[in-house]
Amino acid sequence: MWQRIIALVKKEFLALLKDKKSRVVLIGPPIIQLLVFGYAATYDLNRVPLAIYNEDQGQLARDLLARFRLSPTFHQTATVTHDAQIAPLIEGKQALALIHIGPTFSRDLSKGVPAPLQVIVDGRNSNTAMIALNYIQSIVDAFNQEWRNSQGFSAPRAYLVTRAWFNPNLESRWFIVPGIVGLLTLVVTMLVTALSVAREREQGTFDQLLVTPMRPMEIVVGKALPGFIIGFFEATVIILVTIFWFRVPFLGHLATLYTGLFLFLLSAIGVGLMISSIAVTQQQGLLGAFLFLVPSIILSGFTTPIANMPQAVQYLTYINPLAYFMIVVREVFLQGAPFMSLTHQFWPMAAIGIAALSAAGWLFRHRMY
Amino acid sequence: MNGGTQSTARLTRKGSSMRITGLIRKEFLQIVRDPSSIAIAFLMPFILLLLFGYGVSLDAEHVPVAFVVEQPDADTASLVGSFMASPYFSPMVFWSLPDAIDAMGARRANAIVHVRPDFGRLIHTPAGAPIQVILEGTDANTSRLILGYIEGAVQTWLSQQSMVNAQPLPASIDLRPRIWFNPDVRSRNFLVPGLVAVIMTLIGALLTSMVVAREWERGTMEGLAVTPVKIKEILLGKLIPYFVLGMGGMTLAICMAYFLFQVPLRGSLWLLIALSALFLLVALGMGLLISIVARNQFVAGQVAIIVTFLPAFLLSGFIFDIASMPVAVQIITHIVAARYYVAILQTLFLAGNIWDVLFPNAAALLVMAVVFLGISMRKFHKRLE
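In the order they appear, the protein sequences are chains A and B.
Once you know that position 57 of the first sequence is 57 in my numbering, the rest is easy, because the numbers rise by one and skip nothing.
Residues are numbered in my numbering as their position in the second sequence, beginning at 1, plus a constant of 1000.
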């Protein structure tokens, strides 16, 4: 039995790696993409283009503006002198935000009257807009705090002492890059499995395989093993880059991470082979790959937390292997999660994997064209 | 003589349009026989938009926060009360810090707000009272959002407290933010146009990435090569049917954005259609190029998976702000066609016909369309020889 499987694995590797283009596609892009995406995917803003419209000559206005100019988050791109200039600046995206200090700003504050500070933010990307507004808010809060102190103010006072566990500087890269490990591993698995049966069906060689003494389960194992080997290899390279290039702290145990990786590959390969065996042509296989890949990434909690999704959509994430693996990777990396605390992530992946692989084996025999 | 050339020219022209029509008919027959292309054009945008439109949200609500109150008194009660009243939080109260830490460890709370026993006394001293906030920092973005909410809630509570004590806060800056184009800050308004761009990238590339490779693989390309059909005609015969199919999918996606997700359309509909057609041409051209270079469907499929979805998702400015990326990565984003289309869609939907944004992005798309289709034609030519 093993002899037959090994022969099939050899043949699969030949089919995958014989073509130079296919070799290049499998090995180059995932590493390049990790580097590019690792730097691209961050919610932290910097060099936010800011326009300043200051109608006040007073010292307080200058103090406030100095805070914006010194902040590394903002980068002044325009100085506005009258109202008509505002709209083209924001609309044409030369400035993401504009702060407008009215002519009576310093006078108002000195007289004890609240001084309005008008802020206009480009809301076309409302997430970016809100993050920028938060930065502005905190600069204004700091200014207010000092101003009140200088006025000898003594009302109830409280201040926050903040500590963030696992990621003290709240760097979003620490959160995103381990997520990319899951993303790219899934993509590589799809590359290897989603078209493999479909191609044989289209070329007619799958029928030949079915009339050999190999049992469907042996074919499943033979088709799955190359995916495992390539998946393990690429995931390892990606994990090494994450640790040594991006310097994301790795607090957990490799054994825990690789248990998760093994089960994740099992489920992803299972789904990939299932798609491939449902498809009759490679085009159908490709469509299936995308219909699985795209929702699994969106509903994995990679960019937007699962907790923010409506309940019905949250149920869908229960059958998404990537959602479980995301938790495993992030918690092993950042929290050093012990093996036992992740069992609720492990068993669903195993269940999805076994179910999908069995379905693929059944489909091999029963879906004939 | 002169008339003879003219009639030959007319004949060739007629022959050319006849050949293209024939090729288009053949392609349509293939589309109907393997309905996966129709599924790509209509089913995919439908499912994906539905899923994302409802599933993706960056707005956190009812964040579970663990409150630790070691010595309850009037001040702490009103502080907790003000958190209870906020739609952003669903607070839980604990009497000791270890209990709250356990709750956070079990993922039942995302943050701990710890009020020390001497809070009621310290709050009336000039130094002020510390409120300890512990965040579960694994998801840095959410943590930062939650911290913002907590800061806001504490500020609100403090100003209410000073009102109660009949000692108003001294005058300070009154921040008056206005969010243009999306005053209610519906994240759906920017996510849905972005999703349309991502989905159209997939559709365009998926529709054409297989079609030329398929002809090579099945040997029918040799059959075509011996007919009088010209390369340009083969390419047009491939492009036109999938363009029609793609525009159908595009119309569906735009209708869903407008009617189902109620994203306002402030720019011109005709401009939206014209620029979408231009983008579709780029996406189809990219698929054709993949198909011609890869030469077999397996490699073409792999390339399509790699170069379409993730780059369009992560490098188009749809979720992550391009201006904040390192310069080297910003340069790379220029070869991602979705980047230009995202800017066009977000502007046309939310802001209106703003030529300062539309013109450069449309020009970039035009250049990309010419480049993709031009390279396709040249590469195709070489292979035929």
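Read the hints as simulated data drawn from the structure, not as lab findings.
Any given hint might turn out to be false.
[As the list claims (entries may be wrong)] EDC-like mimics (lysine to aspartate or glutamate), calculated; alpha carbons at most 16 Å apart, straight line:
# : chain 1 : residue 1 : chain 2 : residue 2
1 : A       : K111      : A       : E171
2 : B       : K1014     : B       : E1233
3 : B       : K1026     : B       : D1356
4 : A       : K93       : B       : D1356
5 : A       : K10       : A       : E218
6 : A       : K111      : B       : D1174
[As the list claims (entries may be wrong)] Covered by chain B, per the in silico footprint, the following chain A stretches (three or more residues, Cβ under 8 Å):
#  : segment
7  : 45 to 55
8  : 163 to 170
9  : 226 to 234
10 : 326 to 337
Backbone N, C-alpha and C define an ideal beta-carbon position, used for all residues, glycine too.
Task: Hint check against the structure, violated hint numbers in rising order - done: Result: hints 1, 3 and 9 break, sorted rising.
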